[in-house]
Structure formats: C-alpha cells, structure tokens
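**Student:** Put chain B on the given structure of chain A with help from the hints.
Protein chains: 2
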Amino acid sequence: MMLNKVQLLPLRMKGSVHMMKIDFSGSITNVCMLVQCLRASHQLAGRGSCRHICSQSRVMERGGATCSENLSSIFPPVRNHSIRSLSSPPSFCYRKNLARGNVSHMACRSMSSLQGTKDRYQGLWVNLAYPQEEQDIQNMTEDQFHLLLTESLLRWRTEGLSCVWLKVPISHSRFVSVAWRQGFEYHHAEGKAAVLNLWMKPEAESKVPQFATHQVGVSGIVIKEDSGEVLVVKDKNRSHSLWKFPGGLSDLGEDIAVTAEREVFEETGVRAEFQSVLAFRQQHTLPGAFGRSDLYFLCRLRPLTFDLHPCSEEIQACQWMTLTQLRQEVETTSMTLRLADVVQKGLTHGFQEVDIGATEMASIYRGLKFNLFHRPL
Amino acid sequence: MMLNKVQLLPLRMKGSVHMMKIDFSGSITNVCMLVQCLRASHQLAGRGSCRHICSQSRVMERGGATCSENLSSIFPPVRNHSIRSLSSPPSFCYRKNLARGNVSHMACRSMSSLQGTKDRYQGLWVNLAYPQEEQDIQNMTEDQFHLLLTESLLRWRTEGLSCVWLKVPISHSRFVSVAWRQGFEYHHAEGKAAVLNLWMKPEAESKVPQFATHQVGVSGIVIKEDSGEVLVVKDKNRSHSLWKFPGGLSDLGEDIAVTAEREVFEETGVRAEFQSVLAFRQQHTLPGAFGRSDLYFLCRLRPLTFDLHPCSEEIQACQWMTLTQLRQEVETTSMTLRLADVVQKGLTHGFQEVDIGATEMASIYRGLKFNLFHRPL
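Chains as they are written, first to last, in our numbering: chain A, 149 to 525; chain B, 149 to 525.
No lab work stands behind these hints: they were computed from the structure. Some hints here could point you the wrong way.
Note that identical chains are pooled: a pair holds if it fits in a single copy or bridges any two copies.
[What the hints assert, rightly or not] In silico DSS-like pairs for lysine-lysine, Cα to Cα no more than 25 Å straight-line: (1) K384 to K493; (2) K382 to K517; (3) K315 to K517; (4) K355 to K392; (5) K349 to K392; (6) K340 to K493; (7) K266 to K349; (8) K266 to K355; (9) K340 to K315; (10) K392 to K382; (11) K384 to K355; (12) K315 to K392.
Predicted model, so just to flag it, every value in this text is computed and none were measured.
Next comes chain A alone, as it looks inside the complex (with noise of 0.2 Å):
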C-alpha cells in the first residue's frame, strides 16, 4: 500500500482559522488512519476543534481523498521524513509558515509505535521498563505519551490484537492515567510495577482472566497418636480469641505441606511432619482478604519434637490438649470441633479413613511438578 502523492494546499485563511487540503491518492482504508491520526493530534494538543477533520474529508473518485482541517491547532513538528510505504499507518508532521500566508511543507513519516512480545492468545505485552525502539519512555512528558499510546493502539488495531498488555514502572505512574483515557485499566500491580490491560475486540467478550482470586491458608494439626492429643492455641489481637489450630496463610509460591510445617513451628516451637490433607474450606468475603477469597486447608501433621515454645508476639496461648478436653471447649469454633470428629475417627478406625493424600506427579509443562491430592486408591 503507497501513499503516492501527498499536497498541502492553504484554502483559504480568516482570523485564526486556517484550512488547509490535504490532497493524496491512496486507500481508502489509509485515507481513515489519516484521518484518525489527525484528531489523535488535535486531542492532543488539546486546541481547537478536530470536527473538520471527520466531516470534510470524503473520498475522491480517483481513489484518493480529501480532507480540510483547521491548521490553527495543530501541534508542532516531531520529526520528518521522506514519504515512504504506508504499509503502517502513517502520522503526519507539519512545518507550517502562517505567517508568510502559504504551507510550506508537509512530511510524512512512519508511524511509531510501542514495541511488545505477542503472547498465544493474540495479545501483546508491552513492558515500558525495557527501551522502546526510537523511543525514549522515561523522559517523555505525559502528552507525548498519550501520542505515542495513539498511534500505538491505530496500528495494534489493524494487526488484528485481541488484548493489549501494559507493565508500568512506579516510576512511570503518571503514564498510567494517559492509557486510563484511553480505555486501559489496571489488571493487577505488587511492588514496584502495575500492569493494565485493554481488550481489543469490544465487539466479544473479554477473556481476559482475573488475577488471583484467592488467598491460602493453611492450618497443622498435630497429633500425639499415643495419647490422643493435638496442638492448639489462641492468637493474640483478636476479638475472638480461640482455641484453634496454629496456622497462616502460605507465601507465594508455597506449598500446602510446607505452610502447615512452617506455621506450626512459628506459632508453637514445634517441629513436625506433614501427613495428609483431612478438610479445607472456601470462603468470601472474609475480612482482611482484600476482597479475594479465601482457601483454607487443615492438614495432619506427626509431631517430631513435643516442648513448646509459643511466639510471644502472635500466640497468647498454646497446650496439648486431648480431643474430650477440646470438644468440651466453650471458646473454640465449630470448625474446629467437627476437625476433632475427623480426628477422633482416624484415632479409632485408621487414618486412612480420613486422609486425602498428596502424590506428586509430572505437569505437562516441562520440568514442572504438582501435587496431586485424593483419596488413597
């Protein structure tokens, strides 16, 4: 696709107003981009009205275009260059002398755009840490972002994306309100990044997938099998102060297993060995989750040392408590008492009849490992 012939005609000027033509052969489709470019650069600028633009352009008979804009708000020059293939879209720079009463000049360049890697579901991530091609993120001002995101999103939306990803640096936070205007919003952000997203297609629904929907927590229940007794304790700064099994939620990337051990050893001093998974229990809404749900997994855990040593900061107090002593318990919940059932029936008729058990098994992704947990075959 060539832009052949590119005028800048002066029509006609009164006052402030100055029309101009701009007058090429080339598609009808590049005609458009043209026409989009030049109100992007009229937003921009914030100065006059870009309603010409749209309503005198029309296409001519010789495959061509016209198109009348009021040049009196048009933005300075950013850099030049020779007409060259429109095989993307084109921008436009101006060198304009009002003042001598003709348009000297018009050039057009290539548009640039933002740089990204495409993804397999047809979406780009653009990561504006990492030095964009010709472009110098860190020291743009806010409106040459806002051109740049522009002409961005034209050519983005003739390849056909069907989501655009943007990782912003803190440090660049103020770009996150200019993609914000243009229909960009966070998808998620920890630390010192945020990413936003912008489905493509409003025409389809997204499918974008929301970022993690829940939190994990992990409870160790550990059992002295000889005498029948577990582990528990009350937590300090609660309104409710309970007796319960010590346990927290898991660090990213933590297995259920290792939370329970960790936790347990924070908690009380003492050191035990994961055994199974016995119940777990979804929850939402729950305070302090930042809106997220709630996964909760109270596993078994065979005990490795017996003293206690409790954390004075979190536990108010910790004991090994037999299971008539805890289901005659005021201040525990009903969670906690339906666990003791658990117990009490793997006590009595074997753990096998309680346990829902972890096997690790190879994931289809290479080198990757999951745990597996069900019932003992």
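**Tutor:** Relative to chain A, chain B alone:
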C-alpha cells in the same frame, strides 16, 4: 505540648543567602519535627540546600532550639493560622519581605494531613477517591501532594501506626510515583484503583499479607453411572490438545461447585449437578497465571442432560467416553488417567470411598457461611 513562642529573626543577608533564626521554646521532639518539615519543604521547592537546617539546629539550654536556614529557598505561604497548640506536629508558612531587609511575619498552622480510617492492626487506610478534610486532592499538583504526604507521614510516625494504605483512583495515578518516592509500593490494583502501602516500622519485619497468591480452576467429571461413561473435551488453540474433563477458572467469589457446573455447561452444553470433590492439585509457576500459584479442583458431577452442544470457540471435540476407552487414550494426561482410576474405584466400591464431601457451616464472622470439605464421617 505547647509551642509557646515563635520568633523569626533575620541573622544576616549576603547575596542570595538569607539566614534566619527560628527561636522557640518547646520540646526536643517538636524541634525535630520542625526541622523535618522545613527539610521537606526545601526538597519540595527543589531550590537551595536544606543541609543548613539540620547542621545548624541545636537544642538550647532552656528546652527550645535554634535553627538557621536558607530563606531564599522557602516556598510561598500556603495558609496562615495563628499559633495554636502543638498536640499535632507543626508546619510553617512564611511571609517574608526580604526586599525590605527584614522578615516581617511568620505564622504557624497545625499541620494538614490526609484523613483515613484505622484497622485493627494499627494500619491506616486512606482513600484518595474520598474528599479529604480541607484538601482538594483532585486538583493538586504532584508537588502539592508530595508536601501533603510528607506532612501526613510525619504525623503518622508520631502516632505509632504500623502501616499506611493508600487507595489511589486510576485518574490520580500521577500521585503513585510521588508516594513511591516516600517509600510506598503497590500492594495490589484492579480496574480503576491501585492500593499502595508502606510498612511504618523498619525495625520490625513487615506483617502485611501478600495479596491473593492463587488462582483457582475447577473441572467437572460428569459421570453416567449406568454406562460408566464420562464427559471429556479437547480444547481448541492449545499446543497440547489432549482429552480432559471440561473446566476453567473460578470467577471472583464463586464457589467450587458453581464453577464446575458453569464450566461444564459453557463448554459442552450439558447440565450437571455437583456431588463432591474427588481430587485437587496445587501447582506453581504455571504459564498464564501472572506469577501466581494455581489450585485446581476435580469434582464429581451427576448429569441432568445428555445432549452435547460444545462451545465452537473453545472446544475442538467433545464426547461421552467409557473409562476403558479413556484409559487407553494416548492423547491425555497422567492426571486425567489417575482420576479415571478414582472414578473407577467409586463405580466399583461406591463413591463414599473416594468422595471429599462439602458441608455448609456458619463462619465466626456474623452472616458468613462457608463450605467445609472432608471425608464423610
């Protein structure tokens, strides 16, 4: 704590360097705050050095302090109040008339700071979407917000807060990097808002929980108990196109059982009813999970309809398959085969042997319910 006397005395004036003496009686703590305020103001104004303030401040015998500073770099007055109680930290406004060779006036106002609500962990939540007392956040420049945040942090530090949370609407994202320069980082973000936080006790390990660490996926294993057939699909657009049970990611706030029923219907057109969880898998560093971990639940479902209407966009193939066929299938995964074994055991010995059943229970948080999954007792 009272600020009894404030005097601003010109000391010397030499070229552009105007030294002044701030003379007041007050506690040492208040002097330190004064110095910090002045330093922050200097940094904000970006003019001149603030070293004079620190190096030349010293505690005086009578319980006050003297502090000299480079007046030429003082930013313009913001607001004036008469001298008032210093139960809250002070900030200063200046009216200077250096042209006349003297400092005519100095006023002290009680510091303005961002408003928020405390949580039970001594954390303060500040939402910039809400109007702040006497502060028009929306129209603030980055410099003005920097000063407001500086003043707020000074106050919060004296209040012994453990953590400050800043909810920033996407339209105000220019304030994010301002907050970052004061030590804040993203905790999470979604849609039109980001939440930043700052742990206020550098001497103690941060107790701020990570935001949601897991995505949750659910498969439905729909079983025709009379014929021993299960419902399997092959996904479109996958590098590994393998026979699997229909399934997908849970929406935020969606129960495992609901996801199973929804995904089976969306992918195959079959209506089915949740019975139990048969297995679950925990996996980390899974592609497409945005760096979060994955929990995947495999559920047993009873079919309510049998005709197949597979989703043309997502599903390449869909059929009822006997367990014998599935176990001979090359194009499947070890996890699917393991589940075939679990289902086979259920068909042979009764599903009570393999089920992990759900019971709805009441939460300790009023009005909340949850599902607890464990072996039938």
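**Student:** Look at each hint and say if it fits the structure.
**Tutor:** Each hint, compared with the structure:
1. With identical chains, the CA atoms of K384 and K493 are never at most 25 Å apart, being 31 Å at best within one copy and 46 Å at best between copies.
2. In this assembly of identical chains, the alpha carbons of K382 and K517 lie at most 25 Å apart only when taken from different copies (22 Å versus 36 Å within one copy).
3. For a Cα distance limit of 25 Å, the shortest separation of K315 from K517 qualifies neither inside one copy, at 29 Å, nor across copies, at 38 Å.
4. Only between protomers do K355 and K392 lie at most 25 Å apart by alpha-carbon distance; the minimum there is 20 Å, versus 41 Å within a single protomer.
5. For the homomeric pair K349 and K392, neither the shortest alpha-carbon distance inside one copy (50 Å) nor that between copies (29 Å) is at most 25 Å.
6. In this homomeric assembly, K340 and K493 never come within 25 Å of each other (Cα to Cα): the closest approach is 49 Å inside a single copy and 50 Å across copies.
7. Taking the shortest Cα distances, K266 and K349 sit within 25 Å of each other inside one copy (16 Å), while across copies they are farther apart (42 Å).
8. With identical chains, the CA atoms of K266 and K355 are at most 25 Å apart within one copy only, with a shortest distance of 16 Å there and 37 Å across copies.
9. With identical chains, the CA atoms of K340 and K315 are at most 25 Å apart both within one copy (10 Å) and between copies (16 Å).
10. Proximity of K392 to K382 under the C-alpha cut-off of 25 Å is restricted to the intra-copy arrangement: shortest distance 6 Å within a copy versus 44 Å between copies.
11. Proximity of K384 to K355 under the C-alpha cut-off of 25 Å is restricted to the inter-copy arrangement: shortest distance 14 Å between copies versus 44 Å within a copy.
12. Taking the shortest alpha-carbon separations for K315 and K392, neither the intra-copy value of 42 Å nor the inter-copy value of 33 Å comes in at or below 25 Å.
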